[in-house]
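K.L.:
Here is how the chains run, residue by residue.
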Amino acid sequence: MVEFLQFTLSGIVFGMVYAAIALSLVLIWRGTRLLNFAQGGMAMLTTYVAIEVIYKTHSYWAGFVVALVAGLVLGAICELTVVRPTTGKPELNAVIVTIGLLILIEGLAGILFGGQYRSFPAAFSITGIKVGGTPIGVSPFDVFVAAAVLVTTLALAVVFRYTSAGLRMRAAAFNPTIARLSGIRVARVLTVGWALAGLLGALAGVLVSPSTFLYPNSMDTIFVFGFTAAVIGGLDSPVGAVVGGLLLGVALSYAGGYLGSNVTVLFALGILVAVLMVRPDGLFAGARMRRV
Amino acid sequence: MRTLPRRLGVAIIVGAIVAFLSLKLNPFRDYQIAEIAVEVTAVAGLTVLTGLSGQISLGNGAFMAVGAYTTALLLLHLNWPFYLVLVIAAAATAVIGAVVGIAAARLHGPYLAGATLMLGVALPAIAYVYPATFGGDQGLNVVFTTPAFLGVNFPPTRWLAWVAALVALITLVLLANLDRSRIGRNWRAVRDDEVAAALDGINVAAARIRAFVVSATSAGLAGALLAIVTGTVAPGAFTITLSIALLTAAVIGGLGSLPGALWGSLVIVLVPTYVTDVSTSHGLSSTVGSNIPIAAYGVVLILVMLLFPHGIQGGLLRLISAFTGPNEKSRIRRSAPTPHVTPSADQATASQHEKEGTS
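Top to bottom, those sequences are chains F and P.
When the letters of the first sequence are read in order and numbered with my numbering, they come out as residues 11 to 302.
When the letters of the second sequence are read in order and numbered with my numbering, they come out as residues 303 to 661.
Fair warning: there could be bad hints in the mix.
If you anchor each label on the Cβ, the simulated ranges turn out as follows [as the list claims (entries may be wrong)]:
no.	chain 1	residue 1	chain 2	residue 2	range
1	F	S69	P	L621	54 to 60 Å
2	P	S623	F	R128	48 to 54 Å
3	F	L15	P	V401	33 to 39 Å
4	P	L323	F	R128	42 to 48 Å
5	F	S69	P	V497	56 to 62 Å
6	F	W71	P	S623	58 to 64 Å
7	F	F223	P	L323	41 to 47 Å
8	P	P433	F	F14	25 to 31 Å
Sample of chain P residues facing chain F (criterion: CB under 10 Å; computed from the structure) [unchecked claim]:
no.	residue
9	Y413
10	L414
11	I428
12	V431
13	T550
14	L557
15	I596
16	L603
17	M607
18	L608
To be clear, the hints were calculated from the coordinates, so they are not data collected in a lab.
It should be emphasised that the depicted structure is a prediction, and the values quoted were computed from it without experimental measurement.
In this text, a Cβ means the ideal position worked out from N, Cα and C, and glycines have one as well.
Build the full structure now, drawing on both the sequences and the hints.
P.N.:
Okay, here's the thing in structure tokens:
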């Protein structure tokens with residue numbers, strides 16, 4: 011029973027990280043109808059920036075803030091330089107461009123920072139919290155991870171729902187042509203969407219790296235699970251991204267805990283297939299229209 | 303009926319060029335020829351799936367793993383002749399491809415991409431779960447001997463290059479025939495408009511599943527070749543990087559085009575090797591030197607996609623049409639992956655919204 015609680019709680023913590031990556035993919039998908047394969051690589055690069063700042067300033071929080079800002083800037087730069095020129099070309103071209111971007115970023119990280127594994131500091135203690143003498147499977151830092159993603163998600167939700175900037179972004183995602191006719195600068199909105207996605211990715215990178223180490227490919231697995239979470243939830247639904255992330259995190263935690271770490275990816279495939287067989291467009295897909 | 307002899311002719315000429323190259327060049331080049339042949343076989347199957355039937359797959363590396371492990375197990379335990387092993391490996395992957403195709407028939411776009419990506423990640427993990435059968439992390443060794451009639455001095459890599467190139471050419475000829483057959487036309491109809499295809503009496507689900515079977519079989523053959531070329535089959539060879547490289551090669555070469563599959567394979571095999579040669583000859587430090595090819599490869603992918611929207615083959619055809627007149631342009635359009643070339647980004651995204659009903 012204690013074991014079950016431990017697996018559940020640690021699953022929720024990892025699930026929040028997957029949710030952050032999934033959310034960033036959903037943001038980009040809603041705006042540009044594009045899967046950003048470079049999302050994990052971008053997060054890895056901003057985490058390297060954070061670690062360099064932490065070494066220089068001896069302040070975790072300086073690195074944390076710089077990483078988030080770097081994520082914003084990197085997202086915007088990527089959109090403006092390589093993604094925008096793909097508009098109007100075949101859909102898959104943009105996907106291959108983001109794959110090229112991922113490879114380029116991983117190569118650059120190798121050149122700039124080397125390929126060795128680096129440990130990344132945590133903001134708070136990583137020894138497990140004990141309740142009445144029994145460890146419950148999460149540390150104070152894990153609580154911070156979950157809280158940070160939750161707060162960021164809620165802040166984004168508030169921005170999207172209650173501010174005029176959020177309204178413009180939703181309009182641009184819903185129908186770019188009408189949004190443009192209504193005076194919204196759709197191109198700028200897309201850049202902002204990529205910047206926000208970059209920020210979410212950077213957050214995920216900083217939060218997950220204390221438990222995975224940091225190296226040029228360190229975010230690949232996290233990206234795959236984040237993508238899976240987004241697909242489970244439905245790529246058009248921010249709520250779906252969070253639910254998908256939590257669902258996947260908890261399920262993988264049980265699979266890893268009870269069945270062994272070798273079967274986790276098989277388990278993830280099983281969940282994904284099961285969900286897609288019932289809901290081919292994810293759990294939170296809207297009504298499907300088809301143009302005849 | 304005239305096309306079959308013509309394609310066989312092209313295949314024989316290409317085969318002769320490969321044989322000539324392999325006799326003239328050193329064993330390392332032979333190995334590269336074999337590598338390219340493996341790549342082409344897999345990429346050609348994927349370009350048919352994604353370019354002709356319109357289904358994306360980020361998991362064809364998993365089918366290669368199935369073909370490779372089947373080959374390794376048959377050679378290891380039963381020691382059957384290779385051509386027989388090749389047939390069994392193809393059949394085994396075809397069955398797996400059918401299962402995946404049935405599951406994938408309802409999925410579209412990113413959902414299909416996500417499902418196949420996870421397949422590519424998960425399937426090779428079975429090797430870790432059953433280490434007694436599949437050798438775990440170490441994998442299985444594959445012994446492939448050069449036939450005696452070639453003599454003792456015949457380089458083994460040359461024989462590997464010949465076998466791999468032959469299988470690749472046969473696969474390409476068969477795929478080219480499928481492409482121009484009724485099956486290929488049905489794929490294009492399904493790709494361009496599912497509803498219209500269904501109204502024309504095409505069984506959409508069957509066409510899509512058929513494409514997956516063909517694609518998986520090609521990947522299985524490529525996996526069988528990879529097993530004998532590298533001499534070992536381990537899960538580390540079938541990472542998600544492999545699956546992504548296959549899709550990249552298909553798109554870079556020109557999606558839906560079989561010559562494009564060759565160009566794309568040449569790019570992904572030769573560009574990293576070439577840049578490594580250049581950077582080591584300039585005496586760069588190992589950290590920088592080993593990462594520059596990676597970064598340069600990324601830049602090449604981005605540039606090709608931005609400069610040649612229809613891949614290298616599309617660029618070549620445009621170049622040819624510049625000399626021969628507008629007649630050839632129709633071929634560019636026919637090989638283009640997306641039929642609706644919209645003038646502005648807004649309209650493109652807007653029409654997608656209509657199609658997929660976003661809210």
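K.L.:
With reference to the structure, classify each hint as holding or not holding.
P.N.:
We went through each hint and held it up to the structure:
Range check, F/S69 to P/L621: about 56 Å between beta-carbon atoms, so the 54 to 60 Å window is met. P/S623 and F/R128 have their C-beta atoms about 52 Å apart, which keeps the hinted 48 to 54 Å range intact. The hinted window of 33 to 39 Å between F/L15 and P/V401 holds, with their beta carbons roughly 37 Å apart. The supplied range of 42 to 48 Å is met by P/L323 and F/R128, whose beta-carbon atoms lie about 45 Å from each other.
The beta-carbon spacing between F/S69 and P/V497, approximately 59 Å, falls within the hinted interval of 56 to 62 Å. F/W71 and P/S623 have their C-beta atoms about 60 Å apart, which keeps the hinted 58 to 64 Å range intact. Distance hint for F/F223 and P/L323: a CB-CB separation of about 44 Å, consistent with the stated range 41 to 47 Å. The given range of 25 to 31 Å is respected by P/P433 and F/F14, whose C-beta atoms sit roughly 29 Å from each other.
For P/Y413, the interface hint holds, the least distance from its beta-carbon to any beta-carbon of chain F being 6 Å, beneath 10 Å. For P/L414, the shortest C-beta to C-beta distance to chain F is roughly 9 Å, which falls under 10 Å, so the interface hint holds. With a cut of 10 Å, the hint placing P/I428 at the interface with chain F holds, because the nearest CB-to-CB distance is about 7 Å. Here the hint on P/V431 is kept, as its CB sits about 5 Å from the closest CB of chain F, short of 10 Å.
The closest approach between the C-beta of P/T550 and any C-beta of chain F is roughly 6 Å, which is under the 10 Å cut-off, so the hint is satisfied. Interface restraint check for P/L557: the shortest CB-CB distance to chain F comes to about 6 Å, inside 10 Å, so the restraint holds. Among the interface hints, the one on P/I596 holds; its C-beta lies about 3 Å from the nearest C-beta in chain F, closer than the 10 Å criterion. For the restraint placing P/L603 at the interface with chain F, the shortest Cβ-Cβ distance is roughly 3 Å, inside the 10 Å limit, so the hint holds.
The interface hint given for P/M607 is met, as the beta carbon of that residue sits about 5 Å from the closest beta carbon of chain F, less than 10 Å. Because the smallest distance between the Cβ of P/L608 and any Cβ of chain F comes to about 5 Å, under 10 Å, the interface hint for this residue holds.
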